[in-house]
Amino acid sequence: MLSTLFAVANWVSPAVDYHAIAPEIIVAVGICVVLLADLFIADRSKWLLSTVAGFTLLGAFIPVLTLALSDVGPRSLFDGRYVIDDFSIVMKGLFLLSAYVIVLLSTTHIEEGDYYQGEYWVLMLSSILGMLMMTSSRDLVSIFVALEFLSIPAYMLAAWRKRDAKSNEAGVKYFLLGVFASAVMLYGMSLLYGVANSTLLSDLAAEISGELTAIRVLAVVFVVVGFAFKVSAVPFHTWAPDTYEGAPTPVTAFLSVASKAAGFVALVTVLYVAVPGASDVWQPLIWVLAALTMTVGNVMALRQTNIVRMLAYSSIAQGGFILMPLAVAAEGNSSAAVLRSVVTYLIVYAATNLGMFGIILAVSRKTRSGEVASFGGLFSYAPGIGALATIFLASLAGIPPLGGWIGKFSAFQAVLEAGTTWGYVLAVIGAVNSVIAFGYYGNVMREMWMRPVPNGDTSPIATPAPLKLALGITGIATLALGILPGVALHFGDIAVFTSAFGG
Amino acid sequence: MLVNQFLILAAVLFCIGVYGVIARRNAVMVLMSIELILNSVNINFLAFALRNGSIDGHVFALYIIAIAAAEVGVGLALVLLVYRNRKSIALDELSEMKG
Amino acid sequence: MDILRDHNWVLSVGTFLPLAGVLVMLFIPKAEEQLQKAVALITALATLGVGVYTLTLFNYDRAGEMQFVAQTNWISVIKSTYYIGIDGISLPLYILSMVITVLVMIYSWDHIPSPGNPKAFLMLMLVLQTGMAGTFISQDLILFFVFFELVLLPMYFMIGVWGGENRQYASLKFFLYTMFGSALMLVAFLALFFKTGAESFAIPYLVEHGGAIAKNTQVWIFAGMFIGFAVKVPMFPFHTWLPDAHTQAPTQGSVILAAVLLKLGTYGFIRIAIPMLPHAAREWAPYIGLLAVIGIIYGALGCLAQTDMKRLIAFSSVAHMGFVMLGISTLTSFGMNAAVFGMVAHGLITGMLFFVAGSVKERYHTLEIARLGGMLKQVPHLGWILGFCVMASLGLPGLAGFWGEFPAILSAYSPLHGLSEGTFRVFMVIAAMGTVLAAAYLLWLFQRTAFGEPKPEFGGPSSDSHGQHDHASHDDAHHSDIHDVTVYEWVAWTPLLIGIVVFGVMPNLLFKLIDPAVAAIVSHIGG
Amino acid sequence: MFAEASTVAHEALSSGWFLEHAFLIPIIPAVAFALIIFFGKKLPMKGSELGVLSMIGSLVFAVGAALQWIHRVNGAGEGQFIDPVIRSWTWWNSGGFHFGIGQHIDGLSLTILVVVAFISSLVQIYSLEYLRGDRRYTHFFASLTLFSAGMLNMVVAENMIQLILGWEIMGLCSFMLIGHWWEEGANSRAALKAFFTTRTGDIGLLVGTSVLFFSANSWTQEHLGVSGFSIRGLSAWALTGNPGHAAITVGAVALFIACIGKSGQFPLHTWLPDAMAGPTPVSSLLHSSTMVVAGVFLVARLYPVFFKGMNILGSGVNLITVIGGITIVVAAALAFVQTDIKKVLAYSTVSQLGYMMMGLGAGAWMPAVFHIFTHAFFKACLFLAAGSISHSASHHSFEMKKDMGGLRKFMPITFTTWIISTLALCGVFPFAGFFSKDEIIDNVGHNGYTVFMVVGLVGAFMTAAYMTRATYLTFFGEPRGASAGESHDDHGDAHATHDTHDTHDAQAHHGPHESNLLITVPLMILATLALGAGLFNATPFGESWERMTKWVEPRSVVVADMAHASVGETRGVRTDDTVAPPMMMSSTPTATASGEETPVGGEALTTASESSAHAESVCGTSAPEMGTCYAPQLHHAPFKWPKAAMSVVIVLLGMLISWLISVQMYTKKAGFFVGLTSRNKLLALGYGFLVNKYYLDHLYEKVIVHGIAHPIAKAAYWVNQNILDGIINGVGLVTRRVAGWVYRNVDQRVVDGAVNGSGAVARGTGNALRPVQSGKVSQYGALLFAAAAVAGLVLIIVNT
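Protein chains in written order, with this note's numbering: chain X, 1 to 503; chain H, 1 to 99; chain A, 1 to 527; chain Y, 1 to 800.
If we strip away everything but chain X, and leave its shape as in the complex, we get (with noise of 0.2 Å):
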C-alpha cells in the first residue's frame, strides 16, 4: 500500500506530443464549438453546424497528412500506452474521410427531419473522436475508453428519431446487447490483468504465450467476443439488422462502416499486439466466427425486402470477408498480409458502403420507401444513379474492376498465403459465399434495370448538392480503388505495424 503512495507521489506529469494527438485535439475542439454555436445561433441558420462539423473533420485532417509525411517513427506517448504509428495514421485517415462523408449524408437529412441538429453533430463528432483515440490505443484502459467512447453517442444517434418506435427499439437494443457485450468483455479484461499484472498490451503479450491456463483461453475468448459483437460477427450479429432498420439512415450507415470499421481496429490492435501468444485460442475461434458470419449473414440477406435490412446483413457478410484472414493471421509470416487485407477491405468497403448508402438515401427521397421494390427501373428514369447503384453493388459483390473485388481478392490472397489446409477450406467457403451474395445484390440491380418503375412515377430524382458531392467522392473512389488497386493495397502495405509476430 504504501509502494503505491509512493508511487503516486513521485508522479511527474509525461512529456505530450502535441503533433500527434493534434487530430484528435482538433476534433475535441469543433465539438465545443458546435455545441457552444448550437446554443447561440438561430435556427435558420443552424446548417452552419453541418458546415462546421465537415470543417472540423477536414481540418482533423490536416495533422494526419503532417503525421504521415513527418519521417519520425512511430510516436509513443505515455510510455506506450498511446501509440502513433502508420497504421493508426492511415485508420486515422480512413476515419476522418467516412465521417466527413457521413456529414455529407446526412446534412439535408437532418436539416429536414425536425430534430436537434446541434446534439446530433455533437455525438457524431465525439463517435469520431473515440474512434481516432481507439486507433493509437495500446492499453486494455484507454482501447475500454474509446470503446465507450465511440459507442455511447451511437447508442443515442441509433434512437435519434425519438417519435420513431422503431427508432427508439433500434437505440434500445443497440444499447443493452452493447453495454452487456462490453460488460463481458470486461470481465474477460480484468482476468488478463489478473494474469499479466498490467494492461499494456505489450506486457500482456509477454505473459499470454506459452501454455495457456482456463484463465487466459476464458480472458481471451471474452475479449474477443466483446470486439466480435462491435464488428457484427454472427453469432453477435444479432443487434445490427434490427438496429440498423431502425436508426436513421445516415446513422446506419455510420454504424455499418465506422464503428465496424473502428471495431475491427479495436480487435486487429488486440490479437496483434496484446495476444498473438494465444493465437491457438483465437484462431479457431474467428475461424468459426467468419464462415459463421459470412454464410448467415448472406442466406439472411437473401431473403430481405428492406433495403437498409439487406445491407445490414449484406454488411455482417462483408464483415465475415474482413475476418476471414485473420483465423490464418499467425500462421506462417502471413501476418502482414492478413493486416494489409484487412485495411485494404476496410478502406474499400467504406468508399462502397456509404456510397450505396448515399443511392438509398437519394432514393428514398423520391419514393419515402425502403423497399427494394422501390428501385424499380430506377435506370429507365434516373440513369446516372441507377448507373452509379449499379456499381456500388457489383462492388459489393466484388466483381473486377470494381473496388469490392481487390478487398475480397487480398482477402483470399491472405487466407490462402498461410497455405494451411483450414485456411484453403475457409477460402472456398469464401468463394461459395461470394457467389451466393450476387444473389440479393443482383436483385436489386434486376429491380432497377428490368423491372417497371412501381406506381408509374417517373418524375427524375432531386439529389441535393451534399448528397451529390458524397455520391461523387465514393463513386470515384469504388472505381478508382478498382482499376489501380495499387492505391488500397499500399495504404494496407504501410499500415503494416510492428507487431509481436516476432517482427
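Mixed in with the good hints, there may be bad ones.
[Said to hold, decoys possible] Here are the simulated DSS-like pairs of lysine-lysine, each with C-alpha atoms no more than 27 Å apart in a straight line:
id, chain 1, residue 1, chain 2, residue 2
1, X, Lys-166, X, Lys-366
2, X, Lys-166, H, Lys-98
3, H, Lys-87, X, Lys-366
4, X, Lys-162, Y, Lys-776
5, H, Lys-98, X, Lys-162
6, H, Lys-98, Y, Lys-776
7, A, Lys-377, Y, Lys-42
8, Y, Lys-776, A, Lys-377
9, A, Lys-361, A, Lys-377
10, X, Lys-468, X, Lys-46
11, X, Lys-468, A, Lys-30
12, Y, Lys-550, Y, Lys-640
13, X, Lys-166, H, Lys-87
14, Y, Lys-643, Y, Lys-550
Hints are computed from structural coordinates only; laboratory data are not their basis.
The hints should help you fit chains H, A and Y onto chain X, whose structure is shown.
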C-alpha cells in the same frame, strides 16, 4: 491472501448479472443486472490490483465506475423514451423488427 | 525479344479503344439514337482497324512466341503487373472478337431489341468488347481474371434487359453460374501463386514453375480452374445456364455469347490450366475427355428434344464445344490445334446461326420449329443461308466446321503418350457417332423450317387459294413483315459466310498460325 | 503430212500434260458451280449451259488423260510397274502432321473419271429438256454440277481426307437433289433419310481413316515420305509394312461399313429406293452410275488394305463377299414386286452393286471394276429411258401397272434403247453386261468361292426375270392409265406439284409420244455403249482383247525403294513433278497361274531380286524384305465357253419364264396362247419349245409363281419394308424419344434441378435461421452469452 474469495464472489455476481440480463423482461432490471456485471468486474480488478500491488487495477475500476454512470444515464434516458412512446418498458414488446 | 516488343502499343489501344467510345457516348443525349449508333459503330470499326493493323504487324514466322509484349507495374504489392502479349492462339480469337462486335453493331443498326435505349445497349456492347479482347491478350493471371469478369455484367444486363420473356431468371442464372466458377478459379489462381513461391502472377513465369508443384496439389488446384473454365465453356454438367441464356438473350447477345464468350473457357484451359499444371492435366485428361464426349452426345440429344429453334442451336453449342474439349483433352498439339480451330469455326458458324434465328424471330415472331416451314419458298435467301450454316455446322468438309470436328476426332485416336489409348479410342468412336446425331438434328431442323409449304398462319398457300401474292388484302399483321434478308443483314452476315468458306477451303490459314503456338504450350506438358 | 499429224498426235499423247493436270477435272465443275450460284439466274439458259459446258470440259480432260495413260502403258514394258501420277501440295500442317491435297491418277481413277464425266454430261444435257421450266432449274444444275465435282474430286483424291471431302459433298448434293421438290414432305423426308443413312455409314469412314492413319503414318513417313492418309502410302503399307493385324482389320471393316452405307449394300440399302423421289436424271446419275459406286470405288481404291484386312483369297469367305452376295439376292427379290419402274431399277442397281462388291471380295478386282464401267452405261440408259417414258408418255407417273403398257408403239427409240440396256443388264451375249458380270461370276468361282458363284448365277437368273417383267409391263400389253390419256390427279407423284406439270398437260391429252432429241440422243449414245462397251475387255476373244486389264489393272510387282533421303523427290510427293518411273527389280507378266501354289514368303524374300517367279507371288502373300508392293497378286480365270454358255442359258431361261408369267398374270383377258404369238415376235420365235404349254403353264402358275417366286419375293419385301426399313426409321424415332426423355428428366430435372435446388436451399436456410432473429433483446443476449460460454468451454477443453 483472500484473492480467491474475491474472485469467486465476482464470478457469482457475474453469473447473477448475466442471468438477470437474460431472464428479466423489465428494461430497468436488465440495466441493474448489467451494473452487477460491471461491479463484479470492478471487484476482480481491485482484487488483482491488491494481489499484484499495482495501481492499474484501481485506475481501471475508477474508469469503469465513471463510464458505468454515463451508461446508466443514457440507458435510463432510452428507457424513458420507450416508456413515453409505448407506455411500457417490457422488452418483449420491443420486437417490431425481426427476421 | 526486341522484335517481339516493338509496336506493343497496338494491343492496349485495340483493347481500350471501345472504352473511349463509351466515354464519348456518355455525353451524347439519349435521344440522339442515330448519333449513338454511329459513334458506337465507328468505335467498333476503329477498333477493328487497329486489329487489322495488328495483323499486318504480326510476325507470322514467330507465331509461337508472344508478340507486342508490354509489361508495366500495376499492383506491385501483390506482384501483379499489366502484362500483355499475343501469339498464334490469341490472335485469331482476339480478331474474332473485334469482327463479331462490328458485325453485331451493324446488325443493331435496325435491330435494337425492345425496350430500345440503344445508348445503354451499345455502350454495354463496347465494354463487352474490351473485356473479351483483354482476356485474350493478358499475360498476367490477375489481369486475365479482371477481364474475364469484366464481361459478366454487360452480358448480364444485355440478357436481363433486352432479353425474352424469361430473361430475368436466365440472366441471373448465367451470372451466378459464371461467378461461382470464377470465384473458385480465383482461389485456384492464388493457390498456384503461392505454391510457385509467390513470385509473380505472370503467366509465362507460372508456366515455367508450375510444373514443379507436387502432383496432388496440382490436381486440387486444377480442380478449381477446371470448374471456373468448364462453366464458361460450358461442359456437361455445367451447361444448363447456356440454353436459358441463349434462348432469352437478344440476338446480338446470343451471337457474342456463342462466338466469343464461350471461347474464354476453352482458351483458359489451353493458355492457363494445362500448361501450368501439366501433371494435373494428365490426371484430369481422361475425365475431361469423358465429360466432353458426354457433352457431345448429350448436347445432340438435347437438340433433338427441342421445339424451339434458338434453343436447339444453343444446345448444339454444348455438343460442338464438346468436340473442342475432346481435342484439348488429348493434350497433343494435334488435338489442341483442332480445338483452337474448332473455337474459331464454332464462333463463325454458330454466331451466324444465331443471327439467322434472330431474323427468323423478327419476321415470324416465333421460333417454334413446328410453326415454321417453307422458308425457302417465302424467304429464299434466308432459307438458303440457314441451310448453308446448317451444313457448315454439321461439319461438312470444305466448310470451317469440319476442320474443328474431324481432327478432334482423329486426335482422340492417339492421345498424349501416357494417357490410356483404349479410353480415348472409345471416346473417338462416340464422338464420331456424335457427328451423325449432329447431322440428324441440324437437317431435321432445316427440313422442318425451310422445306415444305409455309404455314397458313404466315400466309402459306392453304390460307387462301392464291398463295401469298395478295396477303396485303387479308393481312393479320403476321406475315406482313415477312421479308427476305435486308441490306444491314447482308452486310453483317457476308463476312461470316465468307469466313466459313475461306477457312473451310484453306484451313492452313489458321493452322499455320496456331500450330507453333500450340506446340510451344504442349512442350510444357512434355507432349 | 499424215505422218506429221500422227507425230503431232504422238507428241500430244506422250507429253503427259493431261495426266499431270488431272486435278483440274474436279476443279472445272467446282468453279462452274460457284458461277451458276452467283450468276446463273441472269444467264440466258439459267446457268444450265455452264453446267453442261463444265461437264464436257471435264470429260475432255479426262479422256485426254486417259489416252495419255494408255499411251504410257503401251509404251511400258510387259509387267513393268507403271507409277501412278501423284501430285501433292501441302493443304495444312498440324501438330507435326502434314496434310496434302492433290491427285492420284492411275488406271482405276481414270476409268471412273471418264465414266463419271461422260454420264454427267449426258445427264445434264438430258435434264435441259427434262426439267425445262422447273421452279428451281438453276439450283438443280448447280447441285448437279457440284455433285459431279465432288465425285470427281473423290476419284482423283490423293489422300483420304480429300476423298472424304468429295464423299461428303456428294452426300450433301444427294440431299439437295433428292429433296429437289421439297414442297412435298415425302421428298424432303426421303432426302433426309438418304443423307442420314449414308452419314451413319460415315462413322466408319472417320474411324477407319483415323485408325489407318495412326497405324500407317510412321511407316509411310519413313519409307515413302508421305502421310498416313496418302492412298499410295496406305496401299504400300498394307502390303509391305507388315501392318498389325488388329489395326488393319478394324480399319478395313470400319471403311467397309461406310461403303455399305454409300453403296446401299444390305442392310443399309433401304434409302436407295426412297431416293427415287428425286428427279429421274438425279436417279440416273447418283443412284445408278456414280454416287452409289463410291463405296465400291473406295474398296477398289484401297484394295490392298481390304485385301489384307479382310484376308481376301486367304479364306473361303469374308465380310465383303457375304454382304455382296446377300445384297445380290435380296435386292433382286425385292425388284420382283415393285410396281414403280424406278424402284425396280433402284433395286437392280443395288443388286448389281452387290455383284461388284462380291467380285472385289473374291479377288476379282478387274472384273468388278469393269462392271462398274459397263453398268454405268446401261443402268444410266435404263433410268433415262424410264424418265423419258414418264416425261412424254405416262405423265410423270412411274407406276408400271397403273400408267404404262404398250408403249413400244409410241416411243420406238426409248423402247429400243431400253431393250438393249435390259439385255446388257441381264448379261446376254454379246451385250456389255455379259463381259463384265460373267467375268465376275467366273472369277469368283475360280478363286474358290464356289458358293458365291452359285449366288451370282441365281442373281443373274432373277435379274433376267424381273427385268423381263418390267419390260413387259411397260412396253407390251395395252396402254393403261396415264399413258392411255386418262386424267389422274389421284396419284401423289412428286412431279404433280412442280411447275413442269402445266407444260405437259397438253401432251398428256394427245396421248403418249416419243420424247425430243435432247432426251433421245443421250439414250441412243448410252444404248450404243451398252451394246459395245463390253469389247473393251472382251476376255472371250483372247488376250489381245483384254485392253482394260492391261490399262487399268496395277501390276503387282515389287518396286525397289530409293534411298530414303531421296524418296520424297522420286515419288514426286511434296514436289510438283510427276513421278519418275522407278527402277525395276522384277518384270513378270501377271499372267494366269493357279493361286494354290504360291511359294512361301520367306523363300520369296530371299530370292526376290533374281527370281521373277517368286517375286510375282510376294505381293499380297507376305511383305517383301526390300522394295514395296502397291497391288496384291491376283489371278484371272481362264475363259471357258461352256461356263459362259451356261450362264447365258440361265439368263435366257429367266427371261423366258418371267415372260410367260408376266403374260399369264398381267394379260389374262385375251386368250393366252393366241395372245402370245400375236402379241410378240420374240415369243413366237421361241414358240418351238413352248409346245407343252399347259404343262409349263401349270408349272409356272401353280408351282413357281404362287408356290415360290411370289411368296418369297413378297415375304422378302415385307421383311424389307417392315423390319429393315422399320429398324432404320425406328432408330431415328427411338433416338428422338430418348432425346426427349433425357432432356425432360435428366437435363431439366436432375442437372438443372440441382442448380435451381441449390438456390432454394440457400433461401431455405435463410428461413430456417429466421427464428434466431426473433427481435427479442433477452434472446439476443442469451445467444450472445451462450455462444461466448460455449466457445470458452470448447477452447478451454481443447487447449488445456
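Which of the listed hints are broken here? 3 and 8
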